[in-house]
Amino acid sequence: MKLPSIAVLALVSITAAACVTTTQNKENMLSAAGFQMRLANTPEKVASLKSLPPHKFTIQSQNGQPVFLYADPTVCGCLYVGTQENFQNYQQMAFQQRMVNEQQMTAMMNQQTAFDYSPWGDGPWGPMMPID
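According to mature numbering (1 follows the signal peptide of the UniProt record, and there is no 0), the residues represented by the sequence shown are -18 to -1, 1 to 114, in order.
Simulated from the structure, these hints should not be mistaken for lab results.
There may be inaccurate statements among the hints.
Computed list of lysine to aspartate or glutamate pairs in EDC-like fashion (alpha-carbon distance at most 20 angstroms, straight line) [as the list claims (entries may be wrong)]:
| # | residue 1 | residue 2 |
| --- | --- | --- |
| 1 | Lys32 | Glu84 |
| 2 | Lys32 | Glu67 |
| 3 | Lys8 | Glu84 |
| 4 | Lys38 | Glu67 |
| 5 | Lys32 | Glu9 |
| 6 | Lys8 | Glu26 |
Label-pair distances were calculated between CB atoms; the ranges are [stated by the list, open to error]:
| # | residue 1 | residue 2 | range |
| --- | --- | --- | --- |
| 7 | Thr5 | Ile41 | 17 to 23 angstroms |
| 8 | Asn23 | Met91 | 44 to 50 angstroms |
| 9 | Asn92 | Pro25 | 52 to 58 angstroms |
| 10 | Pro55 | Met81 | 28 to 34 angstroms |
| 11 | Gln44 | Asn92 | 46 to 52 angstroms |
Cβ atoms here follow ideal geometry from the backbone N, Cα and C, with glycine treated the same way.
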């Protein structure tokens, strides 16, 4: 396996692990941004929640103002409701998190390419070293 293949494999592994917690992280950021969580605790609310696209933002108008909705029928069985300001706060937090993730990935890839594999013998990283 060549070094680029190892880096791609590491990236795929990290991405798969990240998918497990992505929804929970998103919901933590929604709360931190000021969105209000409302549980779908009646049959009517559950039906209403299921009518929205899961884990996506939708915009409704209430009293002439935009209301941002984020439906989560799988993790919390709830609806996050926020204002334009809450949504902007969320977008800023999400942008900052992406920047941190990219910096961590870059640092990890730089660390991997700096490792000298040649002392470890024959393989995709270098020639076999003679054994005395």
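A quick look at each hint next to the structure:
1. Lys32 x Glu84: violated (34 angstroms)
2. Lys32 x Glu67: Roughly 26 angstroms separates the two Cα atoms, so the pair is violated.
3. Lys8 x Glu84: holds (17 angstroms)
4. Lys38 x Glu67: Cα-Cα ~18 angstroms, so holds.
5. Lys32 x Glu9: Distance of about 18 angstroms is within 20 angstroms: holds.
6. Lys8 x Glu26: Between Lys8 and Glu26 the Cα gap is close to 25 angstroms, so the pair fails against 20 angstroms, i.e. violated.
7. Thr5 x Ile41: 17 to 23 angstroms: holds (20 angstroms)
8. Asn23 x Met91: 44 to 50 angstroms: Holds - the Cβ-Cβ distance for Asn23 and Met91, about 46 angstroms, lies within 44 to 50 angstroms.
9. Asn92 x Pro25: 52 to 58 angstroms: holds (53 angstroms)
10. Pro55 x Met81: 28 to 34 angstroms: holds (30 angstroms)
11. Gln44 x Asn92: 46 to 52 angstroms: Holds, since Gln44 and Asn92 (Cβ atoms, about 48 angstroms apart) stay within the stated range.
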